[in-house]
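Trainee: Residue numbers (the numbering used here), protein chains in the order written: chain H, 1 to 112; chain A, 113 to 222.
Just so you know, these hints were derived from the structure itself, not from any lab.
From the three backbone atoms N, C-alpha and C, an ideal C-beta is built for every residue, glycine too.
Incorrect hints may have been included.
As the list claims (entries may be wrong) - Pairs of lysine-lysine residues, derived as DSSO-like cross-links and limited to a Cα-Cα distance of at most 27 Å, are as follows: (1) H:K65 / H:K17; (2) A:K205 / A:K179; (3) A:K209 / A:K180; (4) A:K209 / H:K57; (5) H:K71 / A:K205; (6) A:K205 / H:K69; (7) H:K69 / A:K209; (8) A:K205 / H:K57; (9) A:K205 / H:K65; (10) A:K209 / H:K65.
Claimed, not checked - Covered by chain H, according to a simulated footprint, are these stretches of chain A (three or more residues, beta-carbon under 8 Å): (11) 155 to 161; (12) 209 to 221.
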Amino acid sequence: EAQVTQNPRYLITVTGKKLTVTCSQNMNHEYMSWYRQDPGLGLRQIYYSMNVEVTDKGDVPEGYKVSRKEKRNFPLILESPSPNQTSLYFCASANSNVDTQYFGPGTRLTVL
Amino acid sequence: GEDVEQSLFLSVREGDSSVINCTYTDSSSTYLYWYKQEPGAGLQLLTYIFSNMDMKQDQRLTVLLNKKDKHLSLRIADTQTGDSAIYFCAESKGGGKLIFGQGTELSVKP
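Build the full structure now, drawing on both the sequences and the hints.
Mentor: The following block contains the structure:
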C-alpha cells in the first residue's frame, strides 16, 4: 500500500531534550516536505527536499533541522525543543514539486 | 505577501450545497489545491486546478477559479454528514513550496 508513515504519532517531551520525528515513504517520490499545523494558522512549511542531499528552508525553519540521506526517509530533528514548537507535524511526499502531495498521519508533539 | 485567506467556519444542512471560498495573492501560482482533513487524520487531496482553467468538475465537487480577483471556490453538491471536515486551499509557488490557507471547518447538520 502506497503510504507516508511518521513516528512517533504522539510525543510529550521537555524543553531542551533533542528529538527526531521520522518520516518514510514507499512511493519512490523525489519530493518530501515537513509542515506544522497550528490552530488558526493552517499548515506552514518547515523544510522541503527535492531529492537526496537537497534540502531547502520553508516558511518556518527556525529551531528545526532535516536530512535526506536516502530517497525514502526525511527525518525532522529538533536539537533543543521549546514550548513554542508544540504543534501537529505532517510529513508529505510527491513525485515532483507540482504533483499531488501525499500526507502522513501526523505527529502531535508537546514540549513542556 | 504570500497569504492565502479562508473563512474559518461554515455550517450547512444535509442535502444543501456548500461553497467554501479562498483568496490568494500570487498570480504566478501554477496549481491551486483543495485538501480535506478529517478529525485526527492527515490531509487528503480532494481536487486541484491548473491556473489556466476557470472551472473543474469532479462528481459532487466543482472548483471555480477567478484569476482576475485571485479567488478560488469549492462547491460540494448534496452535502452529506460525512463531508464534515476542515477544508484547506493551497497554492503552489513552484520549487516545492506550498502555501496553505487557515482552513475552513465545515459542519453538516442532519
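Trainee: Does each hint hold? Answer for all of them.
Mentor: We went through each hint and held it up to the structure:
1. Taking the CA atoms of H:K65 and H:K17, the gap is near 14 Å; set against the 27 Å cutoff, the hint holds.
2. The hinted pair formed by A:K205 and A:K179 meets the criterion: a straight-line CA distance of about 15 Å does not exceed 27 Å.
3. Using a Cα cut-off of 27 Å, the hinted pair A:K209 and A:K180 holds, with the two alpha carbons roughly 22 Å apart.
4. Distance restraint check for A:K209 and H:K57: the Cα-Cα separation of roughly 9 Å lies within the 27 Å cut-off, and the hinted pair is therefore satisfied.
5. Taken as a hint, the H:K71 and A:K205 pair is honoured in the structure, with Cα atoms around 23 Å apart against an allowance of 27 Å.
6. Of the pairs offered as hints, the one joining A:K205 and H:K69 holds, with about 25 Å between alpha carbons and a cut-off of 27 Å not exceeded.
7. Straight-line distance between C-alpha atoms of H:K69 and A:K209 comes to about 21 Å, which keeps the hinted pair within the 27 Å bound.
8. Distance restraint check for A:K205 and H:K57: the Cα-Cα separation of roughly 14 Å lies within the 27 Å cut-off, and the hinted pair is therefore satisfied.
9. Our distance criterion of 27 Å between C-alpha atoms is met by A:K205 and H:K65, whose separation comes to about 22 Å.
10. For the suggested pair A:K209 and H:K65, the alpha carbons sit about 17 Å apart, so the restraint of at most 27 Å is met.
11. Judged by the Cβ-Cβ criterion of 8 Å, the stretch 155 to 161 of chain A is covered by chain H as claimed, because 4 of its residues qualify and three suffice.
12. Remark: the stretch 209 to 221 of chain A is confirmed as covered by chain H, as 7 of its residues place a Cβ nearer than 8 Å to a Cβ of that chain, reaching the required three.
Checked against the numbered hints listed earlier, the structure breaks none of them; every hint is satisfied.
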